[in-house]
Amino acid sequence: MQSEKVITAHELTKRFGDFVAVNKITFDVEKGEIFGFLGANGAGKTTAMRMLCGLLLPTSGQATVAGFDVYKQNEQIKKNIGYMSQKFSLYEDLTVSENIRFYGGIYGLSDAHIKEKSALLVKQLHLDGQEKTLVRALPLGWKQKLAFSIAIVHDPAIVFLDEPTGGVDPVTRREFWGLIYEASARGITIFVTTHYMDEAEYCNRVSIMVDGRIDALDTPANLMKDYSAASMDEVFLQLARKAVRSGD
Amino acid sequence: MKQFLIFVKKEWLHIWRDRRTLFILIWMPVVQIILYGFALTNEVKNSNIAIFDQSRDVASLAISDEIAASRYFNLVKNVYSYKDIGATFRQGKIRMAIVFPQNFRNDLLHTNSAQIQLIADASDPNTANTLTNYAQSIINDYQQSLNQNQQLPYTIKAQVRMLYNPELKGAYSFVPGVMALVLMLVCTMMTSIAIVREKEMGTMEVILVSPLKPFRIIIAKAVPYLFVSLVNIITILLLSVYVLGVPIVGSLWLLMAESTLFTITSLSLGILISNGAKTQQSAMFTSMMSLFLPTLLFSGFLFPIENMPMPLQVISNVVPSKWFYIIIKDIMIKGLGFGAVWEETLILVGMTAILLGISIYKFKIRLA
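Line by line, the protein sequences are chains A and B.
This note's numbering applies: residue 1 is where the first sequence begins, and numbers increase by one.
This note's numbering applies: residue 1001 is where the second sequence begins, and numbers increase by one.
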């Protein structure tokens, strides 16, 4: 079965002066995949993700996102991706509807489309009646789910999630991943970084970065077999212990 | 007690570690004392004046020499007609003109009294007052010296005429100054805070990933404040005219246009400040330090610039509000048109272009 490659990276590198943050990473992500991008703090995950989002120009190497080149077709990439930052990307002093309207608008959705999406989203997240609530007043779990839904409001080819489940209880995390599965089933590719190793097991494939390199890239099941580990936690520990760099 | 001291020590560490604020806390008073000491003098010195001597006799020339030699005055021009005087005032080149009538000395010798006319630019009423007083005291001195060995005393009367602001209302120089200050404050501080707030909240990253171009993001941040400023301008003008009795002698449209230009200049400055600041607090601080005080000091509305030492006069050229203050005064109080203010306008346009250019350039390269 020929799968479309939504992200390709070949020897992608980023240097800051003498410091090599990302060291010749090479990998692919297929359409509809849930790809986990793991690594310790300071391993280079955020830098790598920034390059893929068009926020940072690579020093060398090649990469394409949604078929567009990261060096020359930055603008197209931005139109075709969604992004959810660690801080959830919602405006606390705006209401639920206002946030949806804003993001829908800057991604070029028509007014009618936004209205339609808005209604759909509200229903899906069980936020009926809360459209005019300030985001600030929503519980953390709801904010997260809303942020994710808004990140994909324009039905992008791929959505980047930067540690999306920080500080949230396990039940809410499970619900959040439910949303991710739904999106994946719709054909949206998910590129997620996380510290939670149990979440790593929800992914189709996982890569582990250590000191700027990708030291492991496979399905969680295979990795656990290769490293004779009972959980992704152990796989991660084995790899991360070798790390020279520490901390962000 | 020990707990208390431990807490005090912690607070001290906070201050000590925040080098930037500490620098400002300790250094600022020093700078201010020096600045205030040199720049803020109500003593008027080196004011530009012109003399229209229709008599050119011994007496008028003697008085002229005294005046020109005085450290209070700087004789810029000898004019030869009233029309000339008017033009020189309009160009903003002089603060006062002294007119000797024809047959000055003759009148003095034959009728024991003569008149000298002092015409002062009263758009700055305090300075106008001071200058005419100085001039009168010099004239009185000359009068005294003539009266040394006289039976019948000579009297030289000075007839004072205050241009533009005959009632010497303080509001005339005050209102344009406040306009410059308010616009500067609202636009610059608020814009810089708005941009930095995005950074602080973490939503800046998400915006940058979106298809919206950085240039447009910046402009979009500034636009609401443009409107707020227009409202401010209109409010200030309404209050000035109807409550303070300050007239708008010149073209209202030109006034609004120039004010809008200055607003854009201030917004650009706000954007530039936001580039360097990481927190809203430091954005606010930087705006205050770099703008509020210099605007107050160097725009010329509280303390005339020509009274300051040379280096400070040069610095004042860099402060946008100095040029705006001249423009506003010229239009509002003196009723002049674009022809009189085009140079200052050009300077503001240039400043805006440079500020915007630097801001956008810096904003872009941050991403790479």
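Simulated from the structure, these hints should not be mistaken for lab results.
It is possible that some hints are incorrect.
Claimed, not checked - Restricting the straight-line Cα-Cα distance to at most 25 Å, the calculated cross-link-like pairs of lysine to any residue (SDA-like) are:
(1) B/Lys1213 <-> A/Gln62
(2) A/Lys143 <-> B/Thr1203
(3) B/Lys1362 <-> A/Lys143
(4) A/Lys87 <-> B/Val1228
(5) B/Lys1213 <-> A/Val168
(6) B/Lys1213 <-> A/Phe102
(7) A/Lys72 <-> B/Ala1194
(8) A/Lys79 <-> B/Ile1217
(9) A/Lys87 <-> B/Glu1200
(10) B/Lys1199 <-> A/Gln62
(11) B/Lys1199 <-> A/Arg101
(12) B/Lys1278 <-> A/Lys115
(13) A/Lys132 <-> B/Ala1340
(14) B/Lys1199 <-> A/Val168
(15) A/Lys87 <-> A/Trp142
(16) B/Lys1362 <-> A/Met49
(17) B/Lys1278 <-> A/Thr26
(18) A/Lys115 <-> B/Ile1207
(19) B/Lys1362 <-> A/Asn74
(20) B/Lys1199 <-> A/Met49
(21) B/Lys1213 <-> A/Leu55
(22) A/Lys72 <-> B/Glu1200
Unchecked claim - A short, non-exhaustive set of chain B residues, derived as facing chain A with CB atoms under 8 Å:
(23) Ala1087
(24) Gly1202
(25) Val1206
The model shown is predicted, which means the values in this text are computed figures rather than measured ones.
By construction, the Cβ of each residue, glycine as well, lies at the ideal position given by its N, Cα and C atoms.
Comparing the hints with the structure gives:
1. B/Lys1213 <-> A/Gln62: Within the cut-off at roughly 24 Å; holds.
2. A/Lys143 <-> B/Thr1203: Roughly 14 Å separates the two Cα atoms, so the pair holds.
3. B/Lys1362 <-> A/Lys143: 33 Å, violated
4. A/Lys87 <-> B/Val1228: The given pair, whose Cα atoms are some 30 Å apart, is violated under the 25 Å limit.
5. B/Lys1213 <-> A/Val168: Between B/Lys1213 and A/Val168 the Cα gap is close to 33 Å, so the pair fails against 25 Å, i.e. violated.
6. B/Lys1213 <-> A/Phe102: Within the cut-off at roughly 15 Å; holds.
7. A/Lys72 <-> B/Ala1194: 31 Å, violated
8. A/Lys79 <-> B/Ile1217: Holds: A/Lys79 and B/Ile1217 sit about 16 Å apart, inside 25 Å.
9. A/Lys87 <-> B/Glu1200: 10 Å, holds
10. B/Lys1199 <-> A/Gln62: Given pair B/Lys1199, A/Gln62 is violated - Cα atoms ~29 Å apart, limit 25 Å.
11. B/Lys1199 <-> A/Arg101: OK: B/Lys1199 and A/Arg101 at ~21 Å, within 25 Å.
12. B/Lys1278 <-> A/Lys115: 36 Å, violated
13. A/Lys132 <-> B/Ala1340: Judged against 25 Å, a Cα distance of about 54 Å means the pair is violated.
14. B/Lys1199 <-> A/Val168: Holds, because 23 Å separates the two Cα atoms, which is no more than 25 Å.
15. A/Lys87 <-> A/Trp142: Satisfied, since the Cα-Cα distance of roughly 14 Å is no more than 25 Å.
16. B/Lys1362 <-> A/Met49: 23 Å, holds
17. B/Lys1278 <-> A/Thr26: At roughly 34 Å apart (the allowed maximum being 25 Å), A/Thr26 and B/Lys1278 break the hint.
18. A/Lys115 <-> B/Ile1207: Between A/Lys115 and B/Ile1207 the Cα gap is close to 21 Å, so the pair holds against 25 Å.
19. B/Lys1362 <-> A/Asn74: 19 Å, holds
20. B/Lys1199 <-> A/Met49: 19 Å, holds
21. B/Lys1213 <-> A/Leu55: 12 Å, holds
22. A/Lys72 <-> B/Glu1200: Between A/Lys72 and B/Glu1200 the Cα gap is close to 30 Å, so the pair fails against 25 Å, i.e. violated.
23. Ala1087: The hint is violated - B/Ala1087 has no Cβ within 8 Å of chain A, the shortest such distance being about 55 Å.
24. Gly1202: 3 Å, holds
25. Val1206: 4 Å, holds
Checked against the numbered hints above, the structure breaks hints 3, 4, 5, 7, 10, 12, 13, 17, 22 and 23 and satisfies the rest.
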